[in-house]
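Asks: Following the hints, complete the assembly by docking chain P onto the known chain G.
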Amino acid sequence: MRFTLNGRPFEFDGDTETPLLWVIRDAARLTGTKYGCGIGACGACTVHLEGAAMRSCVLPVSAVEGKAVTTIEGLSPDRSHPVQRAWIQKDVPQCGYCQSGMVMATAALLAQHKAPTDAQIDQAITNLCRCATYQRIREAIHAAAEQ
Amino acid sequence: MPRPNSKDGGYERAAPSQPTPARRTFLKTSLAVAGGVLLPLSISDTLHAAESAAPFREINDWIRIAKDGHTIIGLSQSEVGQGVYTGLPQVLADEMDADWRQVSVEFVTGRDAYRIDAANEAPQQFVGASMSVTMFYSRLRTAGAQAREAFLSAAARRFGVRATQCITRNGRVSHPATGRSLGYGELVDEVALMPLNPHPRLKPASARALMGQALHRLDVPAKVDGSAVYGIDVQVPDMLTGAVKMAPTLNGKPVAVTNQDKLRAMPGVVGVVLAKDAVIVVAQSYWQAKKACDAAQIDWDAGSIVIDSDTILSQRQRALKDPHAVTAAKTGDPDALFTSAHSIFEAEYHSPYIVHATMEPVNATVHVRRDEIEVWGPIQGQDKVRWTLSALFHLPADKVIVHTTFLGGSFGRKYVPDFVIHAAVASKAVGRPVKVIRSREDDIRHGFYRPAVSARFRAVLGDDGMPRALHARVVGQSLYWSIKRDYFEKAGGWDETMLDGIYDLGYAVPNLLVESVSLPQAIPVSFMRTVGSTSSVFFLETFINELAHTARIDPVRYRRTLLRDDPLALKVLDATAAKANWFGRPAHGLHRGAAYCLYTGRGGAFASYVATIAEVRVTEGRAKLERVICGIDCGQAINPLLIRQMVEGGIGFALTNTFKSEITFKDGAVAQSNFADYPLLYLAEMPKVEVVIVESDRVPQGCGEVALPPVAPAVAEALFQATGRRLRSMPLDQPLAS
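Which chain is which? The protein sequence lines are G and P, in order. Heads up: the first sequence begins at 201 in my numbering, then just goes up one per residue. Heads up: the second sequence begins at 39 in my numbering, then just goes up one per residue.
Next comes chain G alone, as it looks inside the complex (with noise of 0.2 Å):
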């Protein structure tokens, strides 16, 4: 089966019900998409689908057949998006491990609303940080939100 991936066609001949996330890490060899709960619940695996923030986790690879998917090495190619900007600025990442989902979430945000509120922001960014970067990534959002 085919789909876009970062721009550029792929394709997979395993098991379509492979969760996108495992094609992603071992098929494509991407590894800035992280695998944290494997039922969607903590957002590390956050991917677009055609440009929207989705759960790569728990979602099967025949569902994105013929879509674009973005990871977070497609989001740009030099760290430049706005999101990316404003966490570099605000030094967002401690371990850093959930920040690829973080960052993907927040992008999808942006492309929403261009100027979310705090409470915009309550709702849209689920994600778990365990290292608590919580507050950075509110600062961050409205940053980027600026930029």
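Among the hints, erroneous ones may be present.
[Stated by the list, open to error] Chain P stretches covered by chain G per the calculated footprint, using a threshold of three residues with CB under 8 Å from any CB of chain G:
| hint | stretch |
| --- | --- |
| 1 | 271-282 |
| 2 | 397-404 |
[What the hints assert, rightly or not] Distance windows between CB atoms, simulated:
| hint | chain 1 | residue 1 | chain 2 | residue 2 | range |
| --- | --- | --- | --- | --- | --- |
| 3 | G | 260 | P | 678 | 44 to 50 Å |
| 4 | G | 339 | P | 602 | 45 to 51 Å |
| 5 | P | 612 | G | 318 | 49 to 55 Å |
Calculated directly from the structure, the hints in this document are not laboratory data. Virtual Cβ for every residue (Gly too), placed ideally from N, Cα, C.
Replies: Chain P in isolation, oriented as in the chain G frame:
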């Protein structure tokens, strides 16, 4: 200065002997110059390092420099999120007068310079207990100053002048009188051969260029574009991936897999391996392994130990009243005071088992060869891994090569190498490198938990409302009894981690009795961020808040009286109260609580002071945490950004402990299994955090754990002010608003 050239001996020298194909291909994907190095700083740095790899010269255990001035600083402490990747090199670079823009960081391992003395254990390389700064501050300053001195004298010789006429700055030595200058890189060939001064002169504080600066974290760029390599991301050629299924019960063991033929016929499956405590299915890819693992029909020996949370709690409740307890501290004559007192104030507190729940579940990649074992992964204790595999496979410890990646959280968890054993056993069985990834479910069900404890506090108050006598007893499963028995027995049968902040009480109480009762359990336990104080300081500080309330004294003033002999404590308390405008009137509907802690680390390794004020609003029964103010004195700030991060995140971490975390046991099994039933704090629940870094002239002290202990008692007090309900058990019985 020893400069070993072994494969695992710190920096590998340039021009390595023919690497195996496996190693060569793997290293292409990381910044690595071999020898236990694989943290990519960024793509451009990776290229930079690769281009100039050959001419790097080693200056000492910590520094290598290329002719173009590119400086690699060794990092011996695993980066688990705490910022050592930036903060420790910053200390060295400051003393060295290095050009920070030319600095890269590499993980180093295998030399004594990287080992530290953990209490009562052999020296070892590990991260833990907020001790990196305490243990390495002086070593890294010396290493940097040594290099600086050598560059200075090498340049002076070239200039034909005295070293005292030259100055160093930003990676260059200059002779101001003539305007000549040379970069460190241009001097590296001479310096690499020079004997180094073991006691170089260290900079005065006034000459510092990098120390104290809020420099950006060096690891951030790689953590926002997906290029940072964690254990789970390791790729080595010919590698297979294993999924693991552990017993439904805590102490269970697999006896047999009855459908092995069927599993082996599934797509991609290469092997089915029985480990002592788990079944591992090895396949070409993770999902193939996972699917087969889920399909495995396994006969389990459930284990003979029946563990049940209700039973454990009633054991603790009995022990609170038991006539027998071990005395950990005693001053004055508390017995006389309690016997003769007209009224005794008393309260009981409880704290559950909790688990680390790192975002990156435990995993490791291991290749067991005949005479050598290679490990890649999120390792918190490099020597612990060496010792463990060396014993298991009967190889000398130096034949276990450990490559440390970034750690997707650890908080103590990844010091325990159980997950490395799984990968090693799997690799041995299939004869190839294997990465074994534990599922979130088994990560939670088979963790190494922070023990549950209960406490009973009693006090006799004087006419001034202040405690004249205090009796504290903490009971439960002792961490040290479970994993450091010698240490426990040497101390006389009690465990400092159960009594943190109490046995070494900083408050002026004239008559004090501190006791504990150790209740052995067959539950695996280990260190978890801030160890026992996440319970003991909640108990103590809630009790102090209750005493202040009983005495009708403002709880901050109450603590000021108790801390009157400790100027550093008062300074932190006052700075925090001032920032929170504590003595002013709170906004309408806002309720506040305060708490304090002197955190001294394991075995009193350091002393960091912290005070916390929480502001909450309760609407329709739900609590909104509006703001938490935290003042901290952790000595001189190496990098204020890193301190702020540790405090902000530490408060969030503590709030998860306070409101959400509880592991329970039923019929020998852990009842929780994923974030659905072991939830973490959400962004929407995170309060605004304000950090006050109190100026200090003490040398830098521990920081990573210290913000946690006062959070729960400060919040619980604010909730009491709001609702009139005393919350004495964690997790607090109080829903949060988002």
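Asks: Does each hint hold? Answer for all of them.
Replies: Hint by hint, here is what the structure shows:
| no. | hint | verdict |
| --- | --- | --- |
| 1 | 271-282 | holds (count 3) |
| 2 | 397-404 | holds (count 3) |
| 3 | 260/G / 678/P: 44 to 50 Å | holds, 47 Å |
| 4 | 339/G / 602/P: 45 to 51 Å | violated, 39 Å |
| 5 | 612/P / 318/G: 49 to 55 Å | violated, 32 Å |
The structure shown violates the earlier hints numbered 4 and 5.
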